[in-house]
Amino acid sequence: MSTPIAGAEAIEDTLDRMAQALVALLQRDPRQVAVIGVRTGGCWVAEALIPRLAGPLGAQLAGPPGCLDPGFYRDDFDTVGVPPAVRPSHLPVAVDDRQVLLVDDVLYTGRTIRAALNGVFDYGRPALVRLAVLAIRPGQELPIVPDVAGGVYPVPAQGRLQLQGPESLSLHLLPPVAAERPAP
Amino acid sequence: MSPAPAPGRLHHLLQIEGLGRELLFQLLDTAESFLPVTQRAVKKVPLLRGKTVVNLFFEPSTRTRMTFELAAERLSADVFSLDVAHSSTKKGETLLDTLRNLEAMQMDLLVVRHPLSGAAAFFAAHAAPHVRVLNAGDGRHAHPTQALLDLFTIRRHRPDLGELRVAILGDVLHSRVARSQIAALRLAGVREIRVGGPRTLLPPALESLGVQVFDCVEQALADVDVIITLRLQQERMQGGHLPSTAEYFRRFGLTEQRLRRASPEAIVMHPGPINRGVEIASEVADGERSVILEQVSNGVAVRMAVMALALGAEPAPAEA
Chain A
-19 MSTPIAGAEA IEDTLDRMAQ ALVALLQRDP RQVAVIGVRT GGCWVAEALI
31 PRLAGPLGAQ LAGPPGCLDP GFYRDDFDTV GVPPAVRPSH LPVAVDDRQV
81 LLVDDVLYTG RTIRAALNGV FDYGRPALVR LAVLAIRPGQ ELPIVPDVAG
131 GVYPVPAQGR LQLQGPESLS LHLLPPVAAE RPAP
Chain B
9 MSPAPAPGRL HHLLQIEGLG RELLFQLLDT AESFLPVTQR AVKKVPLLRG
59 KTVVNLFFEP STRTRMTFEL AAERLSADVF SLDVAHSSTK KGETLLDTLR
109 NLEAMQMDLL VVRHPLSGAA AFFAAHAAPH VRVLNAGDGR HAHPTQALLD
159 LFTIRRHRPD LGELRVAILG DVLHSRVARS QIAALRLAGV REIRVGGPRT
209 LLPPALESLG VQVFDCVEQA LADVDVIITL RLQQERMQGG HLPSTAEYFR
259 RFGLTEQRLR RASPEAIVMH PGPINRGVEI ASEVADGERS VILEQVSNGV
309 AVRMAVMALA LGAEPAPAEA
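If you read the protein sequences in the order shown, they are chains A and B. All the letters of the first sequence, read from the start, carry residue numbers -19 to 164 under our numbering. All the letters of the second sequence, read from the start, carry residue numbers 9 to 328 under our numbering.
Be aware that one or more of the hints could be misleading.
Quick list of the computed label-pair ranges, beta carbon to beta carbon [unchecked claim]:
(1) P134(A) x K51(B): 40 to 46 Å
(2) H70(A) x R259(B): 43 to 49 Å
(3) S89(B) x E147(A): 47 to 53 Å
(4) S216(B) x P64(A): 31 to 37 Å
(5) E302(B) x H70(A): 17 to 23 Å
(6) P68(A) x G16(B): 19 to 25 Å
(7) E171(B) x H70(A): 27 to 33 Å
(8) G139(A) x Q220(B): 55 to 61 Å
(9) L122(A) x R297(B): 49 to 55 Å
Okay, the calculated bits of chain A under chain B, using three or more residues with CB under 8 Å as the criterion [stated by the list, open to error]:
(10) 46 to 58
(11) 102 to 115
Everything labelled a hint here was simulated from the structure, so no lab data went into it. Being a predicted model, the structure only gives us computed values, none of them experimental. Positions of the beta carbon are idealized from the N, C-alpha and C atoms, including for glycine.
Chain A with its partners taken away, still in its complex shape (with noise of 0.2 Å):
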């Protein structure tokens, strides 16, 4: 076990101040909101985030989050073929001219926010998208950046920044496994 970079108790706080930014910046628009998470993370931050817009945005929640994989959408499929476990995306709410909430747990590259982004178009076409993520770590290899993000954590090169869960969120850096597949 290695010891988390942000425990349970900050992370409670880091969501509760993403909720308040995300509320601030989703009310500008009068569309609803659908919530999607990227696996596996990003899916339990968007649970977690959750109850924490219900108040605030009310009605203006579309409905239960979702959950996407974005693991067919990968640029590295010539690399290292089809990802393992890629597990049915389940989109509870439809996107056509909502806003969508696009959250993650960790933007590294910016690679799997680029596939994840081409998923969510080929379920319909969203009024506009805002991504959330729990972390930055900073590297980013496409212009993409975050609307919300909860913190900015340096990692060394050969290092992961890992969100652990879902009962308990947080986040731990970890160093590189033997047989590691390349970070997304």
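Once you have looked at the hints, place chain B on chain A.
This is chain B only, laid out in the frame that chain A set:
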């Protein structure tokens, strides 16, 4: 010649025999992930963008060819189907020359159906190293994707595979589907596999495949959870196997009355095309226990999984 595939990875898919159990379930799980893709508004993912898939069919086929085409298209591959009735093979081109020409068109994946057993293996043995070959039915030998989609359909209804009794009814002698199904069901670890039909349509030494053989359909059906009816392959028969199709239906056809012998929740399957009133009664084929059309839908997701896993790169070597 193609290099030896890495163990546990899908390279070519020529038959079920030889696949590992882990790979079998990886195929089914991957198909499960593709299934919702085939049901949503945009039925496409970009996984095989830029790849070229060729369907080479030397035998007529509707379902298999169309679902292979759809599967390739839903993975965003470029796909073309070569109907051999309209191709150079009719003009005398050898299989090897056909293969070389398709490779010259930068083909990545070849889907082959051929009336001769071993045809797909021939293509696999001679294909360029980057080309993958999928068997879409060769003679009486194998039809692995059909067996996979049948197993996938069974598992969606009855995840407790280890508890199941499965009966395969009909013309096993001419059926590559039955051979592949038996191999897949055994690999998946189902409790009991039964085969039932007229002795003239059951190959000798069938028991050696690990199945129970019945020439009385009623006995074969007792308490089974899954019934797979096979098409009576009249085009492959040279006479002498059966007095008539009417007689076959009377003695071996799956009727509502016979269906009552099976477990009350039993599902009825058929690889298609069905001969109504020959191997299966219309009321049963269209009845509430029938999952025949579901098999067709599932076929697309299963073939997507096979194509994606066959064409996917070997996993990157572990970094130190």
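Range hint compliance [Cβ, P134(A) to K51(B), 40 to 46 Å]: holds, 42 Å
Hint check for P64(A) and S216(B) - Cβ pair distance inside 31 to 37 Å: holds, 36 Å
Whether the CB-CB distance between L122(A) and R297(B) falls inside 49 to 55 Å: Taking Cβ atoms as reference, L122(A) and R297(B) lie about 51 Å apart, which means the hint holds.
Satisfaction of the hinted span 55 to 61 Å by the C-beta atoms belonging to G139(A) and Q220(B): holds, 57 Å
Consistency of beta-carbon spacing, H70(A) to E302(B), with hint 17 to 23 Å: 20 Å Cβ-Cβ, so the 17 to 23 Å window holds.
Outcome for the supplied range 47 to 53 Å, where the beta carbon pair is S89(B) and E147(A): holds, 51 Å
Coverage criterion applied to the stretch 102 to 115 of chain A (partner chain B; beta-carbon cut 8 Å; 3 residues): Contact hint for the stretch 102 to 115 of chain A vs chain B: holds, 3 residues under 8 Å.
Coverage of the stretch 46 to 58 of chain A by chain B (three or more Cβ within 8 Å): holds (count 6)
Outcome for the supplied range 43 to 49 Å, where the beta carbon pair is H70(A) and R259(B): holds, 48 Å
Distance restraint hint 19 to 25 Å, applied to the beta-carbon atoms of P68(A) and G16(B): holds, 24 Å
Consistency of beta-carbon spacing, H70(A) to E171(B), with hint 27 to 33 Å: holds, 28 Å
The structure is consistent with each of the numbered hints, conforming to all of them.
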